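Each chain, letter by letter, is given below.
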Amino acid sequence: MEKAIKRYFPIFVLPTMIAFFIGFIAPFVYGIFLSFCKFTTVVDWEWVGFSNYTRIFYVNGKLDTTFLHSLWYTTLFTAVSVLIINIVSFSIAMALTKGIKGTNIFRTVFFMPNLIGGIVLSYIWLMLFNSVLAHFSKTIVSTQWYAFWGLIIVVCWQQIGYMMIIYVAGIQNIPGDLIEAAKIDGANNLQLLRNVTLPMLMPTITVCTFLTLTNGFKLFDQNLALTGGNPGKMSQLLALNIYDTMYGTTGWQGVGQAKAVIFFILVALIALAQNKLSTSKEVQS
Amino acid sequence: MAKNNESVSTVRRAKHGGLLTFFFAIVSIIWIAPLFLVLMNSFKKKAFIFRNPFSISANSLSDGWDSYVKGIERAMHGWKNYATAIKLTDFFHAFGYSLFITVASVVVIIICTSMCAWYITRVHNVVTKTIYVLCLFSMIVPFQMVMFTLSKFANMLKLSNPWGIVIVYLGFGAGLAVFMFTGFVKGISIEIEEAAMIDGCTPIQTFFRVVFPILKPTTVTVSILQAMWIWNDYLLPSLVLNINKYKTLPIAIQYLKQSHGQLDWGAMMAVLVLAIIPIVIFYMACQKYIIEGVLAGAVKG
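If you read the sequences in order, they're chains Z and Y.
When you line the first sequence up against my numbering, it's residues 1 to 285, in that order.
When you line the second sequence up against my numbering, it's residues 1 to 301, in that order.
Among these hints, one or two may not hold up.
[To be verified] List of simulated lysine to any residue pairs, SDA-like, C-alpha gap at most 25 Å:
(1) Z:K6 with Y:I190
(2) Y:K152 with Z:K98
(3) Y:K216 with Z:K38
(4) Z:K3 with Y:K152
(5) Y:K257 with Z:K3
(6) Z:K138 with Y:P142
(7) Z:K38 with Y:P142
(8) Z:K6 with Y:S28
(9) Y:K257 with Z:K276
(10) Y:K257 with Z:S142
(11) Z:K138 with Y:K45
(12) Z:K6 with Y:I204
(13) Y:K152 with Z:Q191
(14) Y:K245 with Z:K138
(15) Z:K138 with Y:D264
(16) Z:K3 with Y:K186
(17) Z:K98 with Y:V185
(18) Y:K186 with Z:L14
(19) Z:K276 with Y:I204
(20) Y:K152 with Z:V109
(21) Y:K46 with Y:K257
[Stated by the list, open to error] What follows is a list of derived Cβ distance ranges for each label pair:
(22) Z:T206 with Y:L99: 48 to 56 Å
(23) Y:V103 with Z:K3: 46 to 54 Å
(24) Z:T250 with Y:N244: 35 to 43 Å
(25) Y:D63 with Z:T75: 29 to 37 Å
(26) Y:L157 with Z:F136: 50 to 58 Å
(27) Y:S62 with Z:L190: 42 to 50 Å
(28) Y:R51 with Z:E46: 51 to 59 Å
(29) Z:L190 with Y:V280: 51 to 59 Å
(30) Z:T250 with Y:K158: 22 to 30 Å
Rather than coming from a laboratory, the hints here were simulated on the basis of the structure.
This structure is a prediction, so every number in the text was calculated from the model and none was measured.
Backbone N, C-alpha and C define an ideal beta-carbon position, used for all residues, glycine too.
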């Protein structure tokens, strides 16, 4: 059978592969190449070696901390959003698996914001934030910390419902007799949570942690629409910082591309860590 | 003893149940309140949106009922915000482009990647293995890494239109789709396909008559994940499409802010409502599939 199928390569695989080449492989490889070049379009490149990478941090002999600030701001934002989203969505999931009345309606409501895209979502909240803050003569971009918490609220509203759905499924997969056995042995609710529910949920917790981690790290639309990186460039997350470097000023495309390569390496490291963590768990269980 | 315990815990559960239901009812109302506030404000004059977004009246209730009712008339703008919004954003064109691009991309992605996934699972050689690894790899690459080169290549290849961007979406979305289909195909027993081939089916007939119907659960999952991504995507179409000619919905909304000087918040509220309504309808209609799809996608991705 394998032989019979094999001849059909052009029909089965080629269309996807041509698009995959145009949409991913060529841009990726050429993108790495261009990060070592000075360019304004893809054809006028000139090899400059590692100078794009040094220009991320040093401009005209002076230290430029914009990228480092953005990296730090993004890390903090990601850490806070991962914590809040996971703790809240786990708590909601625990409550909604107790079989209380209205569970389905609550689940529907909490999940709803997740379907609304980042741009639309951000303008809903921009209106609410700015109209409330206007009473205190402030806006959401008055300081980087207003912007920070604004972004946190927006991503929480968007992602808590999504993570809740995953936690609910995880909790429902815990065998009921395990919990019954623990109860008969006299475990109280706290012990039940710590010694039965949480250990059994580890795979789910890993999945949700890494989903929120990469979502936070790669956040773009909400950042662009809600704060635009203001005030100054103080609330620029990494993705927006790269976009701004690339399209904000001419002559900086190479630096933007170099930043993108660093960004890619960071995201890839997170993904590898997840892979390692979840496969080692699988071996254990 | 055990029986006794059980009855105690049921009683306790019921007690907490009522409280929890009440608590979550309130939290749920707060949770979707932003959507209703946007709906309400979309009918107000822009001056009154920021003065008090939580009230439908220009006057406070503490000034007495009559003045409150009069204030409603003063604050309301009827459907005028909607008329402005539709004109400024060219809403129906934007909606049409978004719908076309999403539907066409999802259909193309489903057909092409499921065929590709079946082929690379059934044929074992270096090429198919490499394709699989590349697809896995593409899933961890953030869009920023390829955005500049991808948009320039798309321009050079004349893909800067709603038909061309379908190919770009197929290319950039292929990784996840191929990965998910491959995972499912691996679990299908090969005997059914062999039987079909022995009965004289060509591989193409075998795929579309036998394999593709079996893939249905994954097809639904992939469709939903890709549709949610493409419908809401802002950055890729804003870089790839010829923006002067073709604006998708997210782009039109973002441009409403950028290109008309002082942002008209009345029009913004109206266009947000227009953008949210189709999503809510879609959600209500296919809630079961959406939640299943999201779940399957999360566990595998």
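25 Å Cα cutoff - pair K152 of chain Y, V109 of chain Z
violated, 41 Å
Between K152 of chain Y and Q191 of chain Z, does the CA-CA distance stay at or below 25 Å?
Status violated; Cα separation ~58 Å.
Taken at face value, is the distance from the CA of K3 of chain Z to the CA of K257 of chain Y at most 25 Å?
Given pair K257 of chain Y, K3 of chain Z is violated - Cα atoms ~58 Å apart, limit 25 Å.
Straight-line Cα separation of K3 of chain Z and K152 of chain Y no greater than 25 Å?
violated, 40 Å
Given the range 22 to 30 Å, decide if the beta-carbon distance of T250 of chain Z to K158 of chain Y lies inside it.
Since T250 of chain Z and K158 of chain Y have Cβ atoms about 25 Å apart, the given range 22 to 30 Å holds.
Is the Cα-Cα distance between K3 of chain Z and K186 of chain Y 25 Å or less?
holds, 18 Å
For the pair supplied as a hint, K6 of chain Z and I204 of chain Y, confirm whether the alpha-carbon distance does not exceed 25 Å.
Answer holds: K6 of chain Z to I204 of chain Y is near 12 Å, not above 25 Å.
Would the pair K38 of chain Z and P142 of chain Y pass a check requiring their Cα atoms to be no farther apart than 25 Å?
Holds, because 22 Å separates the two Cα atoms, which is no more than 25 Å.
Quick check: does the Cβ-Cβ distance between T206 of chain Z and L99 of chain Y fall within 48 to 56 Å?
violated, 37 Å
Is K245 of chain Y within 25 Å of K138 of chain Z, Cα to Cα?
violated, 37 Å
What's the verdict on K6 of chain Z and I190 of chain Y, does the C-alpha distance respect the 25 Å limit or exceed it?
This hinted pair holds, its Cα atoms lying about 15 Å apart.
Given the proposed pairing of K216 of chain Y with K38 of chain Z, does the C-alpha separation stay at or below 25 Å?
violated, 48 Å
Checked against the numbered hints given earlier, this structure breaks hints 2, 3, 4, 5, 6, 8, 9, 13, 14, 17, 19, 20, 22, 23, 24, 25 and 29; the rest are met.
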